[in-house]
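Since the structure of chain A is already known, use the hints to place chain B on it.
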Amino acid sequence: MKQIQTVTIVGSNGAMGSGVAGIAAAFGGAKIFMLARTMEKAEESIVTAVKSVRADSIKARMFAKTFDDLEDCVSRSDWVFETIVEDLELKLAINRKIAKYCTGKTIISTGTSGLSIKKLSEAFPPELRKNYFGTHFYNPPYKMILCELIASEYSDKELCLELKEYLKKTLLREVVVTEDLPAFAGNRVGFQFMNEALLRAQIEMKRGGIDYIDSLLGSFTGRALPPLMTVDFVGLDIHKAIVNNVYENASDFLKETFSMPRYVDELIKGKRLGMKSGEGLYKKTITAEGKKTFVYDISADDYRLTKTYDFDFVKHMKDLLRAAEYKKAYDVLLNSPGYEASIIKHFILRYVSYSLMMVGVVVEAKEDMDIVMMTGYNWAPPSVFVDLFGGKNKTIRLMEEYDVRVPDVLSEYCGSGNFYTLQNRFDYRRYFRSR
Amino acid sequence: MKKIFILGGEQTDFERNWHKEGKNFLGMLREVVEDTLAATRLSFEDIADLNRGNRVSAHIGNFDGEQYFNQGHLGSFFTEVDDAFFGVPAARYEAACASGSVALDAAISKISSGDYDVSLVVGLELMKTVDSKVGGDFLGTAAFYEKEAKGVDFPFPKIFGRLADEIVKKYSLNEARFLDNLAEISCINFGNGKRNPKAQTRNWFMDKGQACRRGTDSNTLVGGRLAISDCSQITDGAAGVVLCSEKFALEYCRKRNLTMGRIPYVKGWGHRVAPVTFKRKIEEAVDSKYILKWTRQAVIDAYERASLGVENMDLFETHDCFTSSEYAAISSFGITEPGEEFRAIESGIIAFDGSKPVNPSGGLIGCGHPVGASGVRMFLDLYKQTSGRAGCYQVENAKNALMLNIGGSATTNYVFIVGI
Numbered sequence: 001m002k003q004i005q006t007v008t009i010v011g012s013n014g015a016m017g018s019g020v021a022g023i024a025a026a027f028g029g030a031k032i033f034m035l036a037r038t039m040e041k042a043e044e045s046i047v048t049a050v051k052s053v054r055a056d057s058i059k060a061r062m063f064a065k066t067f068d069d070l071e072d073c074v075s076r077s078d079w080v081f082e083t084i085v086e087d088l089e090l091k092l093a094i095n096r097k098i099a100k101y102c103t104g105k106t107i108i109s110t111g112t113s114g115l116s117i118k119k120l121s122e123a124f125p126p127e128l129r130k131n132y133f134g135t136h137f138y139n140p141p142y143k144m145i146l147c148e149l150i151a152s153e154y155s156d157k158e159l160c161l162e163l164k165e166y167l168k169k170t171l172l173r174e175v176v177v178t179e180d181l182p183a184f185a186g187n188r189v190g191f192q193f194m195n196e197a198l199l200r201a202q203i204e205m206k207r208g209g210i211d212y213i214d215s216l217l218g219s220f221t222g223r224a225l226p227p228l229m230t231v232d233f234v235g236l237d238i239h240k241a242i243v244n245n246v247y248e249n250a251s252d253f254l255k256e257t258f259s260m261p262r263y264v265d266e267l268i269k270g271k272r273l274g275m276k277s278g279e280g281l282y283k284k285t286i287t288a289e290g291k292k293t294f295v296y297d298i299s300a301d302d303y304r305l306t307k308t309y310d311f312d313f314v315k316h317m318k319d320l321l322r323a324a325e326y327k328k329a330y331d332v333l334l335n336s337p338g339y340e341a342s343i344i345k346h347f348i349l350r351y352v353s354y355s356l357m358m359v360g361v362v363v364e365a366k367e368d369m370d371i372v373m374m375t376g377y378n379w380a381p382p383s384v385f386v387d388l389f390g391g392k393n394k395t396i397r398l399m400e401e402y403d404v405r406v407p408d409v410l411s412e413y414c415g416s417g418n419f420y421t422l423q424n425r426f427d428y429r430r431y432f433r434s435r
Numbered sequence: 436m437k438k439i440f441i442l443g444g445e446q447t448d449f450e451r452n453w454h455k456e457g458k459n460f461l462g463m464l465r466e467v468v469e470d471t472l473a474a475t476r477l478s479f480e481d482i483a484d485l486n487r488g489n490r491v492s493a494h495i496g497n498f499d500g501e502q503y504f505n506q507g508h509l510g511s512f513f514t515e516v517d518d519a520f521f522g523v524p525a526a527r528y529e530a531a532c533a534s535g536s537v538a539l540d541a542a543i544s545k546i547s548s549g550d551y552d553v554s555l556v557v558g559l560e561l562m563k564t565v566d567s568k569v570g571g572d573f574l575g576t577a578a579f580y581e582k583e584a585k586g587v588d589f590p591f592p593k594i595f596g597r598l599a600d601e602i603v604k605k606y607s608l609n610e611a612r613f614l615d616n617l618a619e620i621s622c623i624n625f626g627n628g629k630r631n632p633k634a635q636t637r638n639w640f641m642d643k644g645q646a647c648r649r650g651t652d653s654n655t656l657v658g659g660r661l662a663i664s665d666c667s668q669i670t671d672g673a674a675g676v677v678l679c680s681e682k683f684a685l686e687y688c689r690k691r692n693l694t695m696g697r698i699p700y701v702k703g704w705g706h707r708v709a710p711v712t713f714k715r716k717i718e719e720a721v722d723s724k725y726i727l728k729w730t731r732q733a734v735i736d737a738y739e740r741a742s743l744g745v746e747n748m749d750l751f752e753t754h755d756c757f758t759s760s761e762y763a764a765i766s767s768f769g770i771t772e773p774g775e776e777f778r779a780i781e782s783g784i785i786a787f788d789g790s791k792p793v794n795p796s797g798g799l800i801g802c803g804h805p806v807g808a809s810g811v812r813m814f815l816d817l818y819k820q821t822s823g824r825a826g827c828y829q830v831e832n833a834k835n836a837l838m839l840n841i842g843g844s845a846t847t848n849y850v851f852i853v854g855i
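Taken in order, these protein sequences are the chains called A and B.
Going by our numbering, the residue at position 346 of the first sequence is 346; the numbering climbs one at a time, nothing skipped.
Every position in the second sequence, counted from 1, becomes a number in our numbering once 435 is added.
So that you can see chain A by itself, here it is in the shape it has in the complex:
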């Protein structure tokens, strides 16, 4: 296995920089150079990294540095992990600098959430491009254990395997190898879902819009957080950068679902970027009656208190999930004829369909997509819905009924038993919350 004793984190003050530094210092026992724009920021990033793994013992292995120390740090490192702002030109520029100080043995990787690894690797001379990879960790790395590993056409295959082993065995990641395509696997599927939810909120603005959609696609549909709350957590600007990248660079039959709704653009223009700026799709305000959550009302272009939406079938589903009756809960959904149930069915079927369409394109196997969505997003694995919907044939019929494309992986499936095959390693039930 690859011996990685010294790591340089380029851009250590971001959430991913400090988070990856934390796991490399902890599980990897590596010495870490924390590079930020100022010493103060670098020192702060060490504090964050230590907190992220809840272990003071790693502090002694972390060293605050600035970009002025790039030469010294890179030349002494086995692995250089770049995680600066998500901007192609800026990343190319820093790569050109890193290139000057690498040896032929240095592994270089980027934490980009979806830019082209091939393009980024071209900042390096040909002899170093083979050492360049995408290592897309999820936030926060200590808790979210997925790492998508992306090679470019220049990458050394043997080195890729060694890096995979290191990420898996030493840093305890669930490693999924993905193709070098926009947003890779997790964000391609996750952001399709979330952006379609944003678009649907606009369509449903008279019914309530944002919190209406979140109430329908909440935790009981197999995710820790409802999708639009997740967008607010990620940040609307980051969301936009990721969907724009897919919209512009991927050839995709669902391309239009990656287009930004106008109201989100307006929120971004008004610097209402989500949780990090205090308001976005939601905002929390202290009122005389205590802390209240407000939601952006698309039709009124203003915030209002969030509503509680009561749908009998949703309540019934949650009651069944509370007592761990998963199949019965989804039978309730399938047998509910109303408008809201049809929205939920559409989104789940789309999620299953789109995830399985990635098989053979972005990832190798359907199990890869299941692992990506569970360990990167905290969402239920797409395959399990096929079982909850009553198996292959029933799911195909539903997809046809809801005008959702039937993926080949499903139509050509001829296995017996459950479609979801990872239950012994990953218990899907934890993702269905009664909330």
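If you're looking for bench data, these hints aren't it; they were derived computationally from the structure.
In this text the structure is predicted, and so the values were computed from the model without any measurement.
Treat the hints with care, since some could be wrong.
[Unchecked claim] Here are the computed lysine-lysine pairs in the BS3-like style, where the Cα-Cα straight-line distance is at most 30 angstroms:
(1) K59/A x K643/B
(2) K455/B x K283/A
(3) K51/A x K455/B
(4) K568/B x K51/A
(5) K318/A x K455/B
(6) K568/B x K284/A
(7) K168/A x K629/B
(8) K143/A x K455/B
(9) K834/B x K59/A
(10) K568/B x K168/A
(11) K284/A x K51/A
(12) K168/A x K643/B
Leaving out everything else, chain B in the frame of chain A:
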């Protein structure tokens, strides 16, 4: 004793937080019963068939359902899992953290007496329904509440901190060396937990440096010399096993084309109750070589009933609610003389690849400690190890294994030996 066979079982993923999932104790019971039956290739129809001949019973070990989730009478809830349990004799058993073992003991007795052929045993605890301080107070009822826990924040870390103090005093140990030994115990358990796909801490970080940094922000002191790294954590979880008579095991093997000789069975057991308060325990044991004399006696009883000794044991699952309790267990098992436990720790004897591995599952510190479930979880692990089904944490050629499950401050002591 009659041979009581173990057909298998399952545990929930101890990493799960059922409160966050919005699930109730019935959901947990349903999952563990369904998974246990699936693991043993028994169906609800089989349970109903057995019940028609009055051949099956069900047992649930649980410490504190009334306080943690406001529900008593847990034995009756198998009927909510499936109609097959209508009419099946079932009850709840309690002995604090040894509740799972009392449930096992009852099932073993019922089969041994010939009353039933098959018993389903579940241990279950849902603990994350309250914050750690309130939970700590609930756990205080496992001690003599009025004397040892009332008005005390986190009484058990303090009691086991006192055990650490008493060990140092009784054996005149070098304190630094002793604390280093406890840190090593912690690291071994965390390390073992990494191999166990159902362990609560499988993705957590712990190393010796961290375990030794007691009193820092990330490893605060919780009871005397003991810090967070010396403690098992609050866990939600359940475990289930199916036990049966020799007669049923023969039927079972014949139908499934299995070899009887590969089905683990209970070889020995011990059950001793020490004075309830920690103070009286220590006073009573002043003339004994063993600091926990009734723990040691329960182990001796089990060895004698099994006609086996420490030399025959291939692994141990012990009750490391705190590192100090594992330390004292090492000599209770007979791995070393009392006062010389450090030898087994420092030489690697109790490590996963040592000659007497302790807690290959990760134990309570690594795997987790849903209190009423722990006894059944340990017993399940003895089954997995001796039947070669422990996967990534399999101890090679494990034929005999011993577990120690304690309730309170080593007040109730239960020991089982399982083997093939």
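Against the structure, the hints:
A distance of roughly 14 angstroms separates the Cα atoms of K59/A and K643/B; the hinted pair therefore holds under the 30 angstroms criterion. Of the pairs offered as hints, the one joining K455/B and K283/A holds, with about 23 angstroms between alpha carbons and a cut-off of 30 angstroms not exceeded. Between K51/A and K455/B the alpha-carbon distance is near 23 angstroms, which keeps this suggested pair within the 30 angstroms criterion. At roughly 22 angstroms between alpha-carbon atoms, K568/B and K51/A fall within 30 angstroms of each other, so this suggested pair holds.
Distance hint between K318/A and K455/B is fulfilled; the C-alpha atoms sit about 13 angstroms from each other, no more than 30 angstroms. Under the criterion of a C-alpha separation no larger than 30 angstroms, the hint pairing K568/B with K284/A is consistent with the structure, at around 28 angstroms. At most 30 angstroms may separate the alpha-carbon atoms for a hinted pair to count; K168/A and K629/B meet this at roughly 12 angstroms. Restraint check for K143/A and K455/B: satisfied, since their Cα atoms lie roughly 15 angstroms apart, inside the 30 angstroms limit.
For the hint pairing K834/B with K59/A, the CA-to-CA distance comes to about 44 angstroms; that exceeds 30 angstroms, so the pair is violated. For the proposed pair K568/B and K168/A, the alpha carbon gap of about 36 angstroms is over 30 angstroms, so the pair is violated. For the proposed pair K284/A and K51/A, the alpha carbon gap of about 26 angstroms is at most 30 angstroms, so the pair holds. A hinted pair counts as satisfied when its Cα atoms are at most 30 angstroms apart, and K168/A with K643/B qualifies at roughly 22 angstroms.
Comparing the model with each earlier hint shows violations of hints 9 and 10; every other hint is respected.
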